[in-house]
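4 protein chains.
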Amino acid sequence: MTAVDAPGLNGPSVDGAVALPGPRSTVDLNSDLGEGFGRWSLGDDEAILQLVTSANVACGFHAGDPSTLRRVCARAAERGVGIGAQVSYRDLAGFGRRFIAMDPEELVDEVIYQIAALDGFARIAGSRVTYVKPHGALYNAAAGDPEIAEAIAGAVRTYDPSIAVLGLAGSHLVREARSAGLTAVPEAFADRAYTAEGLLVSRREPGAVLHDPELIAARCVRIATESTVEAVDGTTIAVEARSICVHGDTDGAVAIAQAVRRALEGAGVELRPFTAGPA
Amino acid sequence: MTAVDAPGLNGPSVDGAVALPGPRSTVDLNSDLGEGFGRWSLGDDEAILQLVTSANVACGFHAGDPSTLRRVCARAAERGVGIGAQVSYRDLAGFGRRFIAMDPEELVDEVIYQIAALDGFARIAGSRVTYVKPHGALYNAAAGDPEIAEAIAGAVRTYDPSIAVLGLAGSHLVREARSAGLTAVPEAFADRAYTAEGLLVSRREPGAVLHDPELIAARCVRIATESTVEAVDGTTIAVEARSICVHGDTDGAVAIAQAVRRALEGAGVELRPFTAGPA
Amino acid sequence: MTAVDAPGLNGPSVDGAVALPGPRSTVDLNSDLGEGFGRWSLGDDEAILQLVTSANVACGFHAGDPSTLRRVCARAAERGVGIGAQVSYRDLAGFGRRFIAMDPEELVDEVIYQIAALDGFARIAGSRVTYVKPHGALYNAAAGDPEIAEAIAGAVRTYDPSIAVLGLAGSHLVREARSAGLTAVPEAFADRAYTAEGLLVSRREPGAVLHDPELIAARCVRIATESTVEAVDGTTIAVEARSICVHGDTDGAVAIAQAVRRALEGAGVELRPFTAGPA
Amino acid sequence: MTAVDAPGLNGPSVDGAVALPGPRSTVDLNSDLGEGFGRWSLGDDEAILQLVTSANVACGFHAGDPSTLRRVCARAAERGVGIGAQVSYRDLAGFGRRFIAMDPEELVDEVIYQIAALDGFARIAGSRVTYVKPHGALYNAAAGDPEIAEAIAGAVRTYDPSIAVLGLAGSHLVREARSAGLTAVPEAFADRAYTAEGLLVSRREPGAVLHDPELIAARCVRIATESTVEAVDGTTIAVEARSICVHGDTDGAVAIAQAVRRALEGAGVELRPFTAGPA
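From first to last, the protein sequence lines stand for chains A, B, C and D. Take the first sequence: its position 11, counted from the start at 1, is 11 in our numbering, and no numbers get skipped. Take the second sequence: its position 105, counted from the start at 1, is 105 in our numbering, and no numbers get skipped. Take the third sequence: its position 190, counted from the start at 1, is 190 in our numbering, and no numbers get skipped. Take the fourth sequence: its position 48, counted from the start at 1, is 48 in our numbering, and no numbers get skipped.
Treat the hints as calculated values from the structure; they're not laboratory data. Mixed in with the good hints there might be a few duds.
Examples of chain A residues lying across from chain D (beta carbon under 7 Å, computed) [to be verified]:
(1) 90
(2) 93
(3) 98
(4) 99
(5) 100
(6) 101
(7) 221
Positions of the beta carbon are idealized from the N, C-alpha and C atoms, including for glycine.
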């Protein structure tokens with residue numbers, strides 16, 4: 001990932017990534033985009049694209065009609081925002097949020113299909129798909145199931161081994177991507193509570209999702225500059241993340257993303273797509 | 001049946017292509033492939049792939065699940081068969097055979113999506129999508145409607161201007177593809193009757209579709225070597241075609257394709273993907 | 001603006017329906033509902049259901065997941081709102097707004113499937129599908145093409161001849177429904193401009209869609225009480241309608257529907273589902 | 001579900017059903033039908049409909065376009081074949097063979113939608129949907145997961161409590177259907193091997209699926225007349241079934257169904273839809 005020879009403000013990271021030391025840290029902000037479908041829209045793509053550095057663009061299987069994909073890719077390319085393929089189970093009715101017990105070989109092919117389709121729009125916008133981030137149920141399945149993680153990593157490697165994989169810090173997906181020789185980028189979630197073990201608190205638990213923009217922003221600064229976060233029990237835990245996910249489709253999404261960006265910039269953190277090399 | 005070795009029968013072609021004179025002509029044989037979907041299969045892809053030189057591969061919108069696309073692209077690449085994107089209206093229920101009144105700009109994007117998705121599988125097989133042939137209702141619409149033809153040509157040019165367009169000889173699609181600076185390849189149909197004006201006899205008319213393999217094969221030889229065919233009224237008409245379409249999903253499809261190939265080879269016609277340059 | 005209590009203004013209607021004379025007129029208000037799909041929502045079904053008397057409920061082909069259909073049917077039944085099947089072409093990607101050239105026999109079967117599916121939810125809510133209103137491109141096609149109109153009327157008659165058909169006043173759909181022995185209910189559009197010939201001004205023309213709630217409401221009162229409307233050229237034309245369509249998914253939809261309902265009630269017009277017999 | 005007071009050739013059944021004693025037994029033969037989709041066909045519906053007494057008709061979610069459903073229902077009604085709704089996960093790409101982790105409440109609604117849609121075609125054919133049999137992954141999920149079984153039973157009870165549920169003998173689905181006050185009909189599989197515990201041998205094991213028509217037929221006779229079958233270890237086990245499933249889409253399906261029917265008739269077993277009352 002990045003070779004950083006400067007000694008240690010930060011300790012060794014959970015996932016092998018090492019935060020850049022010195023007066024300036026850098027972090028990537030990613031968000032899901034292009035999640036409408038035909039008549040239906042979701043979130044404010046235009047506003048979010050002005051705040052993030054990486055766009056997880058839907059590929060048509062859970063959302064994302066071709067004209068939306070083209071428009072989002074064009075706007076992302078114009079702004080220097082990285083384009084990622086937000087691959088999903090084939091499930092418009094369930095928005096990709098339902099686990100589907102697929103044959104891993106078929107999953108590989110479905111992922112390749114989606115990356116390639118989106119890459120077409122990235123290319124004609126003068127950019128490329130530079131990373132893959134699974135969506136919804138596939139994200140969770142790839143975090144917890146090595147076979148599914150391996151299928152996704154295999155699809156990426158087969159399509160283009162220079163494409164990175166963005167996944168939950170500490171997940172099987174990050175591990176399998178590395179085993180496959182790919183660049184794995186661990187991410188943290190701006191608006192989610194963490195357990196003392198560094199896992200996300202289940203959405204079924206109270207307090208799992210944070211809503212206060214300033215609190216969320218402050219946590220992001222801490223993740224970016226100290227690689228730590230306060231867990232639900234009050235302890236401080238290490239959260240090594242090269243990217244922070246902000247949601248684009250919730251109430252107040254834009255306000256949260258604005259607060260996060262403002263706070264990070266105010267703290268001297270450089271916002272930069274992870275797929276760009278160090279300055 | 002057909003005079004093969006007579007020099008000089010072929011004049012300048014209708015569509016600007018010039019048949020090669022002398023002892024050897026060349027022609028391409030194309031067929032639709034990959035038209036199953038999940039549990040459902042259609043035609044004998046494996047057998048047809050051993051007979052044709054260009055494979056019009058479904059892209060998932062009227063047929064073609066990703067695993068099928070991958071397999072067909074891999075086998076085509078192994079055998080040196082050209083890979084074409086058989087783009088379609090989004091219509092699994094109607095197998096792409098129903099005209100859909102789409103916004104042309106959306107059509108452009110839907111075509112790009114499909115080409116790019118298939119190109120992913122062609123690339124990982126070590127090949128590329130080298131041409132686009134619209135399927136079913138989109139083929140007919142692009143033949144007769146300049147706006148739709150322009151949309152398809154525009155999609156191809158936007159995605160990759162080195163990709164050719166395969167269409168009905170004399171169609172708007174061939175014309176618009178040329179206007180867009182693309183290579184347009186006119187094709188003839190092995191098993192269809194022609195009117196004295198050089199159009200296909202409507203499938204609703206008796207005798208529109210031929211079934212006798214030997215008769216079909218003889219017509220193909222004449223198309224390939226003389227650029228003519230006998231029309232339904234007995235007159236001889238010019239049919240300039242760099243490719244001949246054989247169907248893969250009808251009863252007796254394989255037998256017909258075998259007869260066609262055998263007859264062409266027997267007549268000294270070289271079978272070669274049109275996308276390869278002349279020897 | 002409108003004279004309400006003047007007796008005898010209403011002559012015989014264009015479509016054979018006769019407006020009720022005397023101190024009270026009645027009219028039905030219909031709106032499209034249930035047009036979300038899974039994660040995507042559209043319009044404010046709950047608010048609109050409190051304003052209309054007939055709900056055109058999506059059936060799953062252009063929009064409408066089963067849980068949404070169930071919920072809308074249950075709420076409509078609770079409120080005494082009539083339940084209509086808003087049948088459509090199978091086209092989630094195009095929201096049913098694209099004409100699809102289908103075999104009429106297949107169209108019949110697709111319409112039956114949709115009516116029956118929705119009727120299941122109407123029945124379990126203690127109600128029934130009491131009318132059919134085609135959606136989008138199918139509405140327009142059925143208005144102008146007798147063969148398509150006949151297919152829809154045939155589907156309704158086959159499924160249940162007691163089900164009414166709601167269509168554009170003067171359309172082929174209304175005509176074919178009557179020929180088939182069905183109850184045909186002509187409708188007017190609250191927010192659309194009319195030509196001097198009584199047709200809707202094309203949406204491509206300026207001024208085709210009205211946005212001022214009070215103006216729209218006043219026109220509705222006049223339609224309900226006088227069966228006339230002012231055309232774009234300033235002339236007064238007859239518009240016989242037993243139902244008025246208010247849109248549910250546009251900006252300001254709820255405000256317009258509220259203004260329409262308030263004005264109609266203020267003018268002494270009784271709002272009642274057309275499918276109920278006269279008091 | 002039938003109370004049989006004649007004493008005992010058969011002991012108490014696993015599922016509470018008791019085989020009819022005496023010179024004539026009765027059994028139902030069921031098979032999956034209507035599993036094509038548009039251009040794609042599967043199995044020989046016409047031939048199978050002449051052999052079975054109950055038709056599990058696809059409802060459009062894993063297969064089954066409306067015109068196919070209508071035709072199969074019409075032919076089934078003509079022949080006195082019972083019509084069952086073969087409800088499925090929404091998964092055309094996977095033919096309903098992939099488990100989808102759905103919210104149970106949404107599953108209830110998806111099942112109601114499918115039953116109702118098919119019931120429309122059954123009604124217009126002069127028949128009714130008289131039972132529900134889940135398809136593929138939903139069949140397996142409902143057999144082993146009480147929550148999913150309860151969702152299906154709940155959907156049936158909500159739609160029409162006179163509709164029976166056809167499921168694997170001994171399954172949660174049979175149990176939950178009975179708890180819901182529904183008629184539950186246990187079935188056996190003609191061409192599947194059983195373990196000594198009365199479970200189906202996994203398809204992954206060698207010998208799981210039988211192919212010899214005469215052997216399969218002989219097992220069916222024994223199931224119908226003795227309520228026993230020989231397990232893979234050679235022991236004799238009780239298999240109480242009021243219906244036997246024969247497959248319609250495998251190689252040799254028709255030949256197997258013919259052999260089964262011939263053997264049952266030869267053994268004096270009456271073939272009758274389970275949904276008809278006793279003679």
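### Message
Please list, smallest to largest, the hint numbers that this structure does not respect.
### Response
Number 7 - this is the single hint that the structure violates.
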